[in-house]
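Number of protein chains: 2
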Amino acid sequence: MNKVTQILGIKYPIIQGGMVWVSGAKLAAAVSKAGGLGVIGAGSMAPDLLDQQIKKAKELTSNPIAVNLPLLYSKIEEQIKICLKNDIKILITSAGSPKKFTSYLKEQGVIVIHVTSSPLLAKKCEDAGIDIVIAEGFEAGGHNGRDEITTMCLIPQTVDAINIPVIAAGGIYDARGIKAAFALGASAVQMGTRFVMSKESSAHDNYKNLLLNANSSSTKLVMKKHVPVRLFKNRFFEEIENMETRGAQAQELIEHLGKGRAKKGMLLGDIEDGELEIGQVCSSIKKVESVEDIFKKLIIAFE
Amino acid sequence: MNKVTQILGIKYPIIQGGMVWVSGAKLAAAVSKAGGLGVIGAGSMAPDLLDQQIKKAKELTSNPIAVNLPLLYSKIEEQIKICLKNDIKILITSAGSPKKFTSYLKEQGVIVIHVTSSPLLAKKCEDAGIDIVIAEGFEAGGHNGRDEITTMCLIPQTVDAINIPVIAAGGIYDARGIKAAFALGASAVQMGTRFVMSKESSAHDNYKNLLLNANSSSTKLVMKKHVPVRLFKNRFFEEIENMETRGAQAQELIEHLGKGRAKKGMLLGDIEDGELEIGQVCSSIKKVESVEDIFKKLIIAFE
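First to last, the protein sequences are chains A and B.
Under our numbering, the first residue of the first sequence carries the number 1, and numbering increases by one thereafter.
Under our numbering, the first residue of the second sequence carries the number 1001, and numbering increases by one thereafter.
Among the hints, erroneous ones may be present.
Label-pair restraints from in silico Cβ distances [stated by the list, open to error]:
1. A:Ala250 to B:Gly1129: 45 to 55 Å
2. A:Gly96 to B:Ser1097: 39 to 49 Å
3. A:Lys259 to B:Arg1246: 27 to 37 Å
Below 20 Å or equal to it, Euclidean Cα-Cα: the simulated SDA-like pairs (lysine to any residue) are [unchecked claim]:
4. B:Lys1224 to A:Arg146
5. A:Lys225 to B:Lys1225
6. B:Lys1225 to A:Pro228
7. A:Lys259 to A:Ala46
8. B:Lys1225 to A:Glu244
9. B:Lys1220 to A:Leu221
10. B:Lys1199 to B:Ser1284
11. B:Lys1233 to B:Val1222
12. B:Lys1224 to B:Met1243
13. B:Lys1224 to A:Glu239
14. B:Lys1224 to A:Val222
15. B:Lys1124 to B:Pro1070
16. B:Lys1287 to A:Asp160
Since the hints were derived computationally from the structure, they do not count as laboratory data.
None of the values given here were measured: they were computed from a predicted structure.
Backbone N, C-alpha and C define an ideal beta-carbon position, used for all residues, glycine too.
Whenever a hint applies, use it, and build me the whole structure from the sequences.
Given below as structure tokens:
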């Protein structure tokens, strides 16, 4: 039995990435039903919506469900309360210090996983009492580390730096990637992009269709002066990149971004002026399938 | 028997990267003796020196020796003549169109390998008659692709795009990385950084010692407006990065670079003002060992 499946009480060591706007109750429940760990992405949810989505997911499956909580979120304490009230036993924290809530969450009987992008941060996680680390490489979609360490380099470095289990993320979408991640020393994988392109994700159909026509140069990491983020190259991306090319600084970029661009793109389907957070593997996925069918292909890695 | 070892007539599917200033006859011969493919990096050699280095390598071993030829080099035709005259049977071409010399080289009985950074270019290689493709990811040292595709994403995409064998490069330094590359579909691996940090490389001791103290954020890809290159973060790197941050364009960067910076750093050991091309894995290598000892650890992957 695998260390991560044992700790989390799941069948397969496959974690679905908790993402903004695309991973609600429906996707999380489908992944948990299939034997992986389904994750509700709380980063784009007001506390009331999070409460509703957790309840909905729990109605759909009795298997473990986790919540991904970006710690920079203004109502993070309220979100934590909602998770505890709803008896969520696995929390994935990111975008903040693992010192802040880990002791408290552990006292409440929660298993705490933290997302890292460097072996240095992974060590800090271990010291803070984190149970499992997700090591996410440069090729991953959405927010990303400043050091640009790729999955191939990050996994062995992280495994060598700490004694707690490591979940590999970034660039994994099929059984080959899962096998590679395990060869590098990971005990499980997290996949985001592969599940954005599932029937159960709440990504808009315009967005899913756009991704089906992606090529290997369709994404790029931008906004390195603000918060590095990997985006699909659409008009919104080009505006940001042009500003960076002429030397625009963080404040100007933040103002240009405005608000609601991610919702506009990923949930509402404005594929030109919306912000589309996606991983480099998007071009390798040529079909939007059900989570059940996706799992059938992934678990070949464990046969 | 593996496709690549069969074509190249070598024992282990391990190729040493042909690098500027650090891979001469001594390193190439040691790798070929150990059962891999030793490669002389012609990119930093005047034709006379190349002639001398090939002759020296052939005196040191009767196993196959290859030469890496960056096609943008001004005296490339002269270099090709020297390789043919010295009966080099394996050439690795890069930094130029695979259409230019492949037919001619094949007529001369040479096995031609081309370095690519995208599945699109890999397809062009196959169409041009290339025998084997090296797919090199974003984490690799030195010159790099514009699309920033990481090894984890690039290998399966390249394997799926072509029918000729794929050698994985970028981010590989130990048996775990080799196993991962094979899981992703590669038929062999190329390693550069691992061999820069060998006793037989001609990298200056100052440089090797600097690398022994690297951490996971010690390298970065810069000069994306000119020729993207992954460098060790020293004073030279910082100058380039500061220029880019304020929006400097290609011409200004090229002028600032001047000439001989790579030689100054890597061969002559000026670790502050020299250009140090190295891969993201440098921080994982904690010992300068002989090629023979390095191979002992690598070949565990095939046991």
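Tested hints:
Take alanine 250 (chain A) and glycine 1129 (chain B): their Cβ atoms lie about 49 Å apart, and the range 45 to 55 Å holds. For glycine 96 (chain A) paired with serine 1097 (chain B), a C-beta distance near 48 Å keeps the hint of 39 to 49 Å intact. Under the hint 27 to 37 Å, the C-beta atoms of lysine 259 (chain A) and arginine 1246 (chain B), about 29 Å apart, fit the expected range. Taking the CA atoms of lysine 1224 (chain B) and arginine 146 (chain A), the gap is near 17 Å; set against the 20 Å cutoff, the hint holds.
At roughly 17 Å between alpha-carbon atoms, lysine 225 (chain A) and lysine 1225 (chain B) fall within 20 Å of each other, so this suggested pair holds. Taking the CA atoms of lysine 1225 (chain B) and proline 228 (chain A), the gap is near 19 Å; set against the 20 Å cutoff, the hint holds. Taking the CA atoms of lysine 259 (chain A) and alanine 46 (chain A), the gap is near 15 Å; set against the 20 Å cutoff, the hint holds. Straight-line distance between C-alpha atoms of lysine 1225 (chain B) and glutamate 244 (chain A) comes to about 12 Å, which keeps the hinted pair within the 20 Å bound.
In summary, the hint linking lysine 1220 (chain B) to leucine 221 (chain A) is supported, as the alpha carbons are separated by about 14 Å, within the 20 Å threshold. Restraint check: the Cα-Cα separation between lysine 1199 (chain B) and serine 1284 (chain B) comes to about 17 Å, which is no more than 20 Å; the hinted pair holds. With a C-alpha separation of about 10 Å, the suggested pairing of lysine 1233 (chain B) with valine 1222 (chain B) holds against the 20 Å cut-off. Restraint check for lysine 1224 (chain B) and methionine 1243 (chain B): satisfied, since their Cα atoms lie roughly 12 Å apart, inside the 20 Å limit.
Our distance criterion of 20 Å between C-alpha atoms is met by lysine 1224 (chain B) and glutamate 239 (chain A), whose separation comes to about 18 Å. Proximity of lysine 1224 (chain B) to valine 222 (chain A) is assessed by CA-CA distance (about 13 Å); at most 20 Å being required, the pair is judged to hold. Proximity of lysine 1124 (chain B) to proline 1070 (chain B) is assessed by CA-CA distance (about 17 Å); at most 20 Å being required, the pair is judged to hold. At roughly 15 Å between alpha-carbon atoms, lysine 1287 (chain B) and aspartate 160 (chain A) fall within 20 Å of each other, so this suggested pair holds.
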